[in-house]
Amino acid sequence: MAQFFAQHQSEIFQAILEHVWLVGATMVLAVAIGVPLGIVVARKPWLSKPILGGANIAETIPSLALFGFLLPVPWLGARADRLTITALTLYALLPIIRNTAAGITSVDPAVREAARGMGLTARQILFQVELPLSVSTILAGIRVATVLTIGIATIAAAVGAGGLGEFIFRGLAMVNNQLILAGAIPAALLALGADFVLGLMERFLRPAR
Amino acid sequence: MSDWPAAQPAADSVIEFRNVGYRLPGGEPLLNDISLTVRAGETLVLLGRSGAGKTTALKMINRLADPTDGEVLIEGRKTLDWDPITLRRRIGYIIQETGLFPHYTVEKNISLVPRVEHWPEMQIRTRVHDLLALVGLEPAVFLRRYPHELSGGQRQRVGVARALAANPSILLMDEPFGALDPLTRAELREQFQVLQQQLGKTVVIVTHDTGEALLLGTRIALMEAGQLKGSYSPREFLHSKEPVAAAYSAQLNALEKFERGE
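Chains A and B, in that order, give the protein sequences. Going by the working numbering, 47 is the number at position 47 of the first sequence; the sequence numbering is gapless. Going by the working numbering, 189 is the number at position 189 of the second sequence; the sequence numbering is gapless.
Worth double-checking, as some hints may not be accurate.
As the list claims (entries may be wrong) - List time: in silico EDC-like cross-link candidates among lysine to aspartate or glutamate, alpha-carbon distance up to 20 angstroms:
#1 B:K229 / B:D33
#2 B:K108 / A:E113
#3 B:K78 / B:D12
#4 B:K108 / B:E138
#5 B:K108 / A:D108
#6 B:K59 / B:E75
#7 B:K108 / B:D130
#8 B:K59 / A:E113
#9 B:K59 / A:D108
#10 B:K59 / B:D81
#11 B:K59 / B:D130
#12 B:K108 / B:E175
Because the hints were derived from the structure by calculation, they are not lab data.
The whole structure should be built from the sequences, with the hints applied where relevant.
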């Protein structure tokens, strides 16, 4: 096994880089979309059902099917990584939206009231009070989404986006366990590493109480 | 009706309620036909039991609530004509100890409004020092602390300092000493009296504590079930024949009788 890893070192390394790129791009997009949506959910209760419902539905579509659905979409289907990042982003949204909304709504009403009473604008309340107090909850959502995405990203190999799934699919086709493990082990380690680092950040950024 | 010559506010009236009513969206009335005037430098206590509408009345002063009937005037101008942000920054607001921002140090809590108002850094620093000293907290010790590292009384002092930061002429206090133990409470009340003599702000305090009302108020507005039962000087209040006021006084007298061993 170790010998196999040594032999295919550069190939595995290449796959890890591809994997990290897919997951990284996905998370940047998912945070950029999910956090604002979470704020909307917390602020406008009437929009919370459609937004959370939509994200929930995206979550229930089997990943292989979702890749299939997106394939005919003009701009997206043209390149495998675009397609993959879009699909992965759809999956990553739900925990981020949900946690952002939960973080903001759990801010002590007395604190919010004091902020309003002091004459802070809605924007100042959001950026100075609500978001800083929700940071660790939001990060917990990002953490869940990242671990999830690292796993699902292995399926991206099915549409030719590369990444560690490449080994898994090849291994499955050739009934070669070593190949499967060459994809699965680094993917699991990546997930564990991301979980650990984001967990540390979460604890570090948790506001004192 | 706006061109109708409004009754001139009393010369030194800072806050004026004119036939103010407040109804919940469902139509249920919380406040009914409240009229009262607070003059510059006065400390008005809104006294009443929970649910009497004291807090709602208080929130109408800084537009955390708007009247559904009548109008509230601040410095002779209807609250609805004030920009809420401008109005609130001119009014200090103190609520029970939970109102401090848990993620900010004492220094940042106090300096928040001056900071969003873009005061020069040096001025902010001196201001925070002066305010901490004013409320009896050693700046060097407390500047860098977080609210969870303070006792209830200390937190309340920081709350007062924060409310005073932008030097408002009006101070609103909603059960400011409510969450404190009786001794700390008495201590803070006394210090607040001294502070008030120095600063001469126009103050409105909400409380359900008769002793507090008599001690701190230059005038007591008695509220019951959304109505204003009357407004009295502390002395008048003690001798009032109004049944609700008499009930409050009787409760105090009971305490005195007990002290005299009767």
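List of violated hint numbers, smallest to largest: 11 and 12
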